[in-house]
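A.B. asks: Chain A is fixed; fit chain B onto it per the hints.
Those protein sequence lines, which keep their order, are chains A and B. Quick note: the first sequence uses my numbering, first residue 196, plus one each step. Quick note: the second sequence uses my numbering, first residue 196, plus one each step.
It is worth saying that the hints were derived from the structure and are not from the lab. Since this is a predicted model, take the numbers as computed values, not measurements. Wrong hints could be hidden among the right ones.
Copies of the same chain look alike in the list, so a pair counts if it fits in one copy or across any two.
Straight line, CA to CA, 20 angstroms or less: simulated DMTMM-like cross-link-like pairs of lysine to aspartate or glutamate [stated by the list, open to error]:
#1 Lys331 x Glu456
#2 Lys393 x Glu442
#3 Lys438 x Asp310
#4 Lys370 x Asp413
Protein chains: 2
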Amino acid sequence: MKVGFLQFAPKLFHERHNLEKINIMLKGCKADVIVLPELATSGYLFTNQKEMKPVSAPAKSGRIADFFRNITAKENCAIVVGFLEKENDNFYNSQMLVFPNGRIEIYRKIHLFLDEKRLYQVGDTGFNVFEFRGAKLGLMICFDWIFPESARTLALRGADIICHSANLVLPFCQKAMITRSLENRVFTITANRIGTEKNETQEFTFTGISQITSPKGDILAQATEDEEILKIVEINPTDAQNKFVTETNHVLNDRRREFYEI
Amino acid sequence: MKVGFLQFAPKLFHERHNLEKINIMLKGCKADVIVLPELATSGYLFTNQKEMKPVSAPAKSGRIADFFRNITAKENCAIVVGFLEKENDNFYNSQMLVFPNGRIEIYRKIHLFLDEKRLYQVGDTGFNVFEFRGAKLGLMICFDWIFPESARTLALRGADIICHSANLVLPFCQKAMITRSLENRVFTITANRIGTEKNETQEFTFTGISQITSPKGDILAQATEDEEILKIVEINPTDAQNKFVTETNHVLNDRRREFYEI
Chain A
196 MKVGFLQFAP KLFHERHNLE KINIMLKGCK ADVIVLPELA TSGYLFTNQK
246 EMKPVSAPAK SGRIADFFRN ITAKENCAIV VGFLEKENDN FYNSQMLVFP
296 NGRIEIYRKI HLFLDEKRLY QVGDTGFNVF EFRGAKLGLM ICFDWIFPES
346 ARTLALRGAD IICHSANLVL PFCQKAMITR SLENRVFTIT ANRIGTEKNE
396 TQEFTFTGIS QITSPKGDIL AQATEDEEIL KIVEINPTDA QNKFVTETNH
446 VLNDRRREFY EI
Chain B
196 MKVGFLQFAP KLFHERHNLE KINIMLKGCK ADVIVLPELA TSGYLFTNQK
246 EMKPVSAPAK SGRIADFFRN ITAKENCAIV VGFLEKENDN FYNSQMLVFP
296 NGRIEIYRKI HLFLDEKRLY QVGDTGFNVF EFRGAKLGLM ICFDWIFPES
346 ARTLALRGAD IICHSANLVL PFCQKAMITR SLENRVFTIT ANRIGTEKNE
396 TQEFTFTGIS QITSPKGDIL AQATEDEEIL KIVEINPTDA QNKFVTETNH
446 VLNDRRREFY EI
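The following block holds chain A by itself, in its conformation from the complex (with noise of 0.2 angstroms):
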């Protein structure tokens, strides 16, 4: 199976920049899956919601899903990709599964990262693992990685390969990504961007370094942290469901629940 991220740098406000980006970047990827950034449609510093609302879309209907949908079945493959969701008057920041027949999975960011707490709604969706091509693709986005539980919920529901849409900017997480690779026995994707935004109070500078992980904990491909790049491997994803990190140790199983504090 042929697993990637693209990584770019979106345009604030400016969704049709940033789909043509997409839709020039992934043309014949000849990918199975390619996880794209959160927020990759609409840029990430808002300020306020009135901001939001021109570069936010339904999920499941609308110029977004309707995009991502047609590139999909052109390019027979599955996109995960951070967009900027609203329901009714609800702004969530999510993920979109979109399988090359149409059907389309949501994840909400669960764990949100500074004013967007302010911004959005807290994730109601809990952490999903989605089957496609034999493989189960778990999702969660950017600052999820710090809970640990994050990875280990959607490893513990099966997950062979974890998502991960960011648009980081702290320098800890793709080694950490190695970790939560390791301590589950999964492969990550995390797909980050890279660029500036600025506004009035704050300037966010992403870090790149878009990160490929096996469940032994090898950097499969990684992206430096100023290219606009897309990066495909070729995986067995059966290997995460080898759970064994030594002949006798595994680390589902043996967990020990009894003692641990939740």
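C.D. replies: Below, chain B without anything else, positioned relative to chain A:
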């Protein structure tokens, strides 16, 4: 507060040699807390329980407890040290926290590695935290690291400093401890051993690189992979009580337990 680790190469079966080495290396250490490796008094690679018996000892009385009570009183410090505990006919891979006033607390390793499953009982003490000079010390041993629940449990129970005695053979833990420090905003002290042990079927080379990491993920001290060394740093353990990774993101309170699988 001054905290440190002692990295050295215990000799298998040679308790007297190991205690003498510890005694020499800790002389005049002028620290508050020193962490020593796992099974530091006995060595690691036992084949059967018959071999283990002569270098095992009860937890709170006997020659090993007496030896460390003596050092902690003389050096006016607390010591965390891995030892081979025997209680009735059961062996445990244990850690002793010895206070300068002679009080001793015990942690028995919960997540056993490889052949340890055959040789030792699973620890029954749980993950506990003990106060010393205003800092809360949490205890865990070696392979406990790969289960994020171990350090998380200690952090939720108030640990400021996780005292991690280790005999590491895999290459991942030292980097993972940066993640453990960050995700829990705690100090971690991994005291690893060096050297090689072999028996008829196995050969283990221990990886050294003992490490002290801050709640912000900074490495405050690190040994090489083959030196015998005592390293001590000055820390403020109350830094671990600030659980905010940004001004609005608290690594413990922001957990959304309703969405976690355990």
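A.B. asks: Indicate which option fits the pair Lys331, Glu456 if close means a Cα-Cα distance not exceeding 20 angstroms: within, between, both or neither.
C.D. replies: between (28 angstroms within a copy, 17 angstroms between copies)
A.B. asks: Between Lys393 and Glu442, at a C-alpha cutoff of 20 angstroms, which is it: within one copy, between copies, both, or neither?
C.D. replies: Intra 50 angstroms, inter 18 angstroms, cutoff 20 angstroms: inter-copy only.
A.B. asks: For Lys370 vs Asp413, is the C-alpha pair at or below 20 angstroms within one copy, between two copies, both, or neither?
C.D. replies: Answer is both: 11 angstroms inside a copy and 13 angstroms across each meet the 20 angstroms cutoff.
A.B. asks: Evaluate Lys438 and Asp310 at a C-alpha cut-off of 20 angstroms and name the case that applies: within, between, both or neither.
C.D. replies: Classified as between: cross-chain Cα gap 18 angstroms, same-chain 37 angstroms, threshold 20 angstroms.
Figure legend: structure checked against the earlier numbered hints; every hint is met.
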